[in-house]
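Student: Construct the complete structure from the given sequences, taking the supplied hints into account.
These protein sequence lines are chains P and G, in that order.
Residue numbering for the first sequence follows the working numbering, starting at 1 and increasing by one per position.
Residue numbering for the second sequence follows the working numbering, starting at 1 and increasing by one per position.
Since the hints were made in silico from the structure, they are not lab data.
All values derive from a computational prediction rather than experimental measurement.
A portion of the hints provided could be inaccurate.
Claimed, not checked - Examples of chain P residues toward chain G, derived with CB under 8 Å: (1) Thr-2; (2) Leu-5; (3) Tyr-16; (4) Leu-17; (5) Ala-19; (6) Arg-121; (7) Leu-124; (8) Pro-127; (9) Val-133; (10) Leu-136; (11) Asp-137; (12) Glu-138; (13) Ala-141; (14) Arg-144; (15) Ala-145; (16) His-147.
To be verified - Only part of the chain P face toward chain G is listed, based on derived beta-carbon distances under 8 Å: (17) Trp-4; (18) Thr-12; (19) Ala-18; (20) Thr-20; (21) Leu-22; (22) Val-117; (23) Val-120; (24) Gln-132; (25) Ala-135; (26) Ile-139; (27) Cys-140; (28) Ala-142; (29) Ala-146.
As the list claims (entries may be wrong) - Computed beta-carbon distance windows for the label pairs: (30) P:Glu-81 x G:Ser-129: 42 to 52 Å; (31) P:Pro-38 x G:Glu-148: 18 to 28 Å; (32) P:Arg-82 x G:Ser-59: 31 to 41 Å; (33) P:Met-1 x G:Ser-73: 37 to 47 Å; (34) G:Pro-52 x P:Ala-110: 46 to 56 Å; (35) G:Pro-89 x P:Met-1: 35 to 45 Å; (36) P:Glu-103 x G:Glu-53: 51 to 61 Å; (37) G:Gln-10 x P:Arg-14: 22 to 32 Å.
Virtual Cβ for every residue (Gly too), placed ideally from N, Cα, C.
2 protein chains.
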Amino acid sequence: MTRWLSDDEQRTWRSYLAATQLVEEALDRQLQREARMPHTYYMILVALSEAPERSMRMSELARRAQASQSRLSHAVARLEERGWIERSPCASDRRGNVAVLTEAGFQALAEAAPGHVEEVRRSLFDPLSPEQVRALDEICAAIRAAHEDTGPACS
Amino acid sequence: MTRWLSDDEQRTWRSYLAATQLVEEALDRQLQREARMPHTYYMILVALSEAPERSMRMSELARRAQASQSRLSHAVARLEERGWIERSPCASDRRGNVAVLTEAGFQALAEAAPGHVEEVRRSLFDPLSPEQVRALDEICAAIRAAHEDTGPACS
Numbered sequence: 001m002t003r004w005l006s007d008d009e010q011r012t013w014r015s016y017l018a019a020t021q022l023v024e025e026a027l028d029r030q031l032q033r034e035a036r037m038p039h040t041y042y043m044i045l046v047a048l049s050e051a052p053e054r055s056m057r058m059s060e061l062a063r064r065a066q067a068s069q070s071r072l073s074h075a076v077a078r079l080e081e082r083g084w085i086e087r088s089p090c091a092s093d094r095r096g097n098v099a100v101l102t103e104a105g106f107q108a109l110a111e112a113a114p115g116h117v118e119e120v121r122r123s124l125f126d127p128l129s130p131e132q133v134r135a136l137d138e139i140c141a142a143i144r145a146a147h148e149d150t151g152p153a154c155s
Numbered sequence: 001m002t003r004w005l006s007d008d009e010q011r012t013w014r015s016y017l018a019a020t021q022l023v024e025e026a027l028d029r030q031l032q033r034e035a036r037m038p039h040t041y042y043m044i045l046v047a048l049s050e051a052p053e054r055s056m057r058m059s060e061l062a063r064r065a066q067a068s069q070s071r072l073s074h075a076v077a078r079l080e081e082r083g084w085i086e087r088s089p090c091a092s093d094r095r096g097n098v099a100v101l102t103e104a105g106f107q108a109l110a111e112a113a114p115g116h117v118e119e120v121r122r123s124l125f126d127p128l129s130p131e132q133v134r135a136l137d138e139i140c141a142a143i144r145a146a147h148e149d150t151g152p153a154c155s
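Tutor: If you want it as structure tokens, here you go:
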């Protein structure tokens, strides 16, 4: 039997969809306006900037940047055109490719970071009390734990 | 001066990104597997099913289904091919178009709903305590209120 949502749950669910969408749109708008890149590109640059030798296998990068393989390939091609990323064959696996953050890419990330962080504060942290931030942290941890138990390849 | 995130905030932020992405991917996977549609299509069908005469102007539909105009146009074209939606000129505005949910579209939605609701429970509600659901509701309300104050056209 279907466990339909109660009115309260329905309201919370729709509010969750709206709020998460508003945050994502605000991040995208700010990054497009001030750094000419969508949030996906920013997450790719961040993941590479934190990797050893600023390089990562494409499959691992897709996982870390929370993008599908096809979406990642498209984004990496655009980032290569800008000279922010280079692709080269993987030394340890001839079928694989690694993406490397270039110095220009690192600079682009460093320039984009202050505006992006300010938008993260404005969009998510500033509206919440310290107790709500703690509650959000626990809520996200619970959701992630549940998905790791049941879903495929979640990190 | 940039208000960089503290270590705790950084962890919460990344956890938020991961958790919201996991929920969205789980919803998409379930709907693709059991109802041959992504979550965006489902939200379009829901919005139309709740509108008077199951019809809505394209601009209003984009807002309600939380999609950009271009993304919505693409989705509506696909839904038209399936016979789930029809488009017709708007009676009160010759430049506008309205989308109408067909009976076949309503049936597709009705068949998809039980599996989708079960996934919403599994992904979001089941992992959380009643207190956490209440906290999430308040957190989402606070985020939405902040975006309504500052952002363009948020509902």
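Student: Next step is simple, just say for each hint if it's right about the structure.
Tutor: Hints, one by one, checked against the model:
no.	hint	result
1	Thr-2	holds, 4 Å
2	Leu-5	holds, 6 Å
3	Tyr-16	holds, 5 Å
4	Leu-17	holds, 7 Å
5	Ala-19	holds, 4 Å
6	Arg-121	holds, 6 Å
7	Leu-124	holds, 7 Å
8	Pro-127	holds, 4 Å
9	Val-133	holds, 6 Å
10	Leu-136	holds, 6 Å
11	Asp-137	holds, 4 Å
12	Glu-138	holds, 7 Å
13	Ala-141	holds, 6 Å
14	Arg-144	holds, 5 Å
15	Ala-145	holds, 7 Å
16	His-147	holds, 4 Å
17	Trp-4	holds, 6 Å
18	Thr-12	holds, 4 Å
19	Ala-18	holds, 6 Å
20	Thr-20	holds, 5 Å
21	Leu-22	holds, 4 Å
22	Val-117	holds, 6 Å
23	Val-120	holds, 6 Å
24	Gln-132	holds, 5 Å
25	Ala-135	holds, 4 Å
26	Ile-139	holds, 5 Å
27	Cys-140	holds, 4 Å
28	Ala-142	holds, 5 Å
29	Ala-146	holds, 4 Å
30	P:Glu-81 x G:Ser-129: 42 to 52 Å	holds, 48 Å
31	P:Pro-38 x G:Glu-148: 18 to 28 Å	holds, 23 Å
32	P:Arg-82 x G:Ser-59: 31 to 41 Å	holds, 33 Å
33	P:Met-1 x G:Ser-73: 37 to 47 Å	holds, 38 Å
34	G:Pro-52 x P:Ala-110: 46 to 56 Å	holds, 52 Å
35	G:Pro-89 x P:Met-1: 35 to 45 Å	holds, 43 Å
36	P:Glu-103 x G:Glu-53: 51 to 61 Å	holds, 59 Å
37	G:Gln-10 x P:Arg-14: 22 to 32 Å	holds, 29 Å
Comparing the model with each earlier hint shows no violations; every hint is respected.
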